[in-house]
Amino acid sequence: MRHFDREIEHLKQLLLRMGAMVEESINESIAALLERDTDAAQRVIAADTAIDRMELEIDQHTIELIAMMQPAAIDLRFVAAAMKITPELERVADLAVDVCERAIELNREPPLKPALDLPRLARIAQDMVRQSLDAFVRRDAALAREVIARDDDVDRLTEQSFRELLTYMLEDSRNISRAIRLTFIGKYFERMADGATNICEMVVYLAEGKVIKHQHEPD
Amino acid sequence: MIEVRDFDFFYGEHQVLHGINLDIPDRQVTALIGPSGCGKSTFLRSINRMNDIIPGARGRGLISIDGEDVYAPGVDVVSLRRRVGMVFQKSNPFPKSIYENVAYGLRIGGISDKRRIDATVERSLRRAAIWDEVKDRLNSSALALSGGQQQRLCIARALAVDPDILLMDEPASALDPIATQKIEELVYELKSNYTIVIVTHNMQQAARVSDRTAFFMLGKLVEYDVTRTIFMTPKEKLTEDYITGRFG
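Chains as they are written, first to last, in our numbering: chain B, 1167 to 1385; chain P, 134 to 381.
None of these hints come from the bench; they were simulated from the model.
None of the values given here were measured: they were computed from a predicted structure.
Here a beta-carbon is modelled for each residue, glycine too, at the ideal position from N, C-alpha and C.
Each statement offered as a hint is correct.
Pulled a few chain B residues facing chain P out of the computed Cβ check, cut under 8 Å: (1) 1168; (2) 1230; (3) 1234; (4) 1236.
Using 30 Å as the maximum straight-line C-alpha spacing, the simulated DSBU-like pairs for lysine-lysine come out as follows: (5) P:223 to P:268; (6) P:315 to B:1178; (7) P:324 to B:1178; (8) B:1250 to B:1353; (9) B:1250 to P:368; (10) B:1250 to B:1376; (11) B:1379 to B:1250.
Label-pair restraints from in silico Cβ distances: (12) P:359 to B:1193: 38 to 46 Å; (13) B:1222 to P:185: 49 to 57 Å; (14) B:1222 to P:155: 28 to 36 Å; (15) B:1183 to P:309: 36 to 44 Å; (16) P:154 to B:1270: 54 to 62 Å; (17) P:335 to B:1239: 18 to 26 Å; (18) B:1221 to P:265: 39 to 47 Å; (19) B:1239 to P:373: 24 to 32 Å; (20) P:280 to B:1319: 54 to 62 Å; (21) B:1221 to P:151: 38 to 46 Å; (22) B:1172 to P:268: 25 to 33 Å; (23) P:280 to B:1172: 26 to 34 Å.
Construct the entire structure; sequences and hints are all you get.
As structure tokens, then:
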């Protein structure tokens, strides 16, 4: 293996480690919400500093790779993808923290009626983030496109979940503060899915050199 | 460690190096960069006294290797150069077989045990990452090898006498990109066993292979630091202008 390939591999490992940390945060944020697990929520909030540090470490490494190795073609696209994927992951982790902060507030009050769409939304967002990382590791553009396609489902579910919560608010004004918090949470998961979509757009760029961001691909 | 203190160098009346100070650590690659005529090659050749053969050339100040002044009276220049091997820009194999090229330094060093020579030839060719390409034709002429292979053979020849330090004067500048990449990989591998000082005109090469970089201009050492710093956040404006191609 060339010295350069080892550097690229190291960068990939750093990204995967960060990806695993972010996935763990999402898992725990879902537990915090659905199982009303405030301890899990606290763990996610505490873990965020390590994820932030990881972002800085990866940034430093990618800049060094460009300065020292002058990557070209697939290698250059990999480094560029890494630079754009890292902040997406960091943002997803921040959103998991946001979910947990709202969950802690919610867990101080009795539960609102069991929402149906919100757990589904959370699971899909979680799944999309995981698949986006798989697609990145395997440089799998087809999988990336599948993930991107799921974003429409997420948008629909977010809207549905909001409407559901709206009915609770209309039903009883005492539900309002909790329902608003849950609405926020729906939005947070939706934005996690957006992060996964952005990651997948970079995977397509990595694998095929094609920019699909802000454009509609012909089917 | 190679220690350099207030080192000046002259060709006759003309001073080409001015007060050079730097420490070159063991088992790392140190790159010397700078525009043509900046003194980097002169400096490199001062380390193993290759400049001695130029009439009127003289150094002043200190260059020491592991505490021993290389310019001290009584220093045996032949054993110094055995310890500090050199690889030049233009590969210069002897018009002999591949085997004899590598064995040459051992023979003139008085070693005649065939088994020992065989083993050293093989080890040196392996370390220079050329063994697989030549093992079946060790007795063919070295001159039949490609430019890149000849250069790696010259590196093997330098390694055969078991030096501590390798000086490389633009070892890849006459080679195509693939052969260059092989030399760069080799340099990277060799640093686990040797201290390497490399002069290169190719800044990207310096960035790729070296741990430390010294930037020379007009006979002065402008900046010397870990390569990462030189290429990412140089302290001197001159260094930045040079490595970003604004002059030179």
